[in-house]
Amino acid sequence: MGKKKERSVNVSGKPRHSLDVNRPNDKKGAGGGGGAAGGSRSAATVRRLKMYKLRPMRDRGGKIVKHDLQSKELPNTRIEPDRRWFGNTRVINQKELEYFRQELQARLTNNYSVLLKSKQLPLSLLQDHQKQARAHLLDTEPFEHAFGPKGKRKRPKLSSLDYESLIKKADDSQDAFEEKHASSKLPKDEEEDGLRDLVRHNMFEKGQSKRIWGELYKVLDSSDVVVQVLDARDPMGTRCYHLEKHLKENAKHKHLVFLLNKCDLIPAWATKGWLRTLSRDYPTLAFHASINKSFGKGSLLSVLRQFARLRSDKQAISVGFVGYPNVGKSSVINTLRSKTVCKVAPIPGETKVWQYITMTKRIFLIDCPGVVYQNNDTETDVVLKGVVRVTNLDDASEHIGEVLRRVKKEHLQRAYKIQDWADDNDFLVQLSKMSGKLLKVQRKLVILSVPITILPNISLACSEMNILYCNFVTLVCLYIISNISDFTIFRVEHTATDFYD
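Number 60 in numbering that gives the first Met the number 0 belongs to position 61 of the sequence shown; there are no gaps in the numbering.
The set of hints was computed from the structure by calculation and includes no laboratory data. Computed from a predicted model, the values in this text were never measured in an experiment. Where hints are given, some of them may not hold.
As the list claims (entries may be wrong) - Simulated crosslink set (DSSO-like; lysine-lysine; CA at most 30 angstroms straight-line):
1) LYS360 with LYS251
2) LYS292 with LYS251
3) LYS49 with LYS62
4) LYS313 with LYS360
5) LYS251 with LYS94
6) LYS209 with LYS351
7) LYS167 with LYS253
From just these sequences and the hints, can you work out the full model?
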């Protein structure tokens, strides 16, 4: 009987099985391997290979408790029988729907309320769609005349029976149309004399080009919050109703805020009155743009942070500043940043294109060029609103008469120390004498330059002279007064170094 071969003992203590997790992973390897550079398998590779060879687990009865990794058999599932599977999950009756519609409409009309999670609300059920107008057939012809024993055979109902009556009716309708529309273009007390009104200068059409409106719509599309900057001296004149209507109809999810800038140029009681009036429509803030000494900066930043907190689902919000030219949009952005980031100037039309400015990580500011909506404003209204650069006017004296009509006489007397005047030319002559702008040149008086200060908004009665001066827009008027006896005034088209001999 031969001897039994003894199993060799692993003296080194290193495991040699290829599926042993504790096998050393050296480059040379023990017993060979499929690893890189002849090394053995790593522990992760061993576990992955073992996972491929897993078999389904069975209980004592032979029932599979756990399937293997690559099994295609799906476990048995059971759906709980319930009547809710065969009915509507969310139902509401008409009474509750009508109540919800009224409450939602009341909240939407309130500009101080914000609708959150609008995507989860069935807004399509809450909107009243305009129904098609019903044709009142019974008013035209009774039911008995169309159906029944009294029914009549259908005959075409013509307004004219012959060709002459048709021509006469067409002429009458044409005359009525021309009388209604053509006469409205001319005053009733004046007849057409064959003359046309003088074409407006392109200077008075500033802020109305397609490029400027394109810049505005870029800002509106990119903004989550729209801040409309108003001039405190004339809030209603610098308010763009077309912009508000556009946001209400096409962008209800955007928030609109009024910013009453230049409030330091009007009395405090006037600022309170405008805040009370404008706050009925939209949230309104008083503001004074200044990098060093500003007013209302903390309130505006607090409002912007609240909007950023309401839009927590967005990574950042954008705030667009829009409004008329020369109302101080760029100055407001510089005040919020406490440094000059936007180019500003005391003349309108300095900002040409829109630009992004980073306020914080979650708030971005957008500067927009000044936009003027086309309306029925006269040239004087456009000048007093600050849309046109005064230095570009050919004759600034044309607008002084309207200013004297708007401003109360006692305020002008207190400001300029002029007691009475016949017309605007007389007012300029007296002001030129007082300011020392009259020079004697060979028995002739020449007005070199007369700075006239004009109050654009006369609805505010200033009690202080310095407050009155702050509301003025400087206009330069050039006059030549010849013949000292009667002070006949002639208009000067261009200034020259040599006057009349």
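Outcome of the hint check:
no.: 1; hint: LYS360 with LYS251; verdict: 25 angstroms, holds
no.: 2; hint: LYS292 with LYS251; verdict: 35 angstroms, violated
no.: 3; hint: LYS49 with LYS62; verdict: 23 angstroms, holds
no.: 4; hint: LYS313 with LYS360; verdict: 12 angstroms, holds
no.: 5; hint: LYS251 with LYS94; verdict: 26 angstroms, holds
no.: 6; hint: LYS209 with LYS351; verdict: 13 angstroms, holds
no.: 7; hint: LYS167 with LYS253; verdict: 56 angstroms, violated
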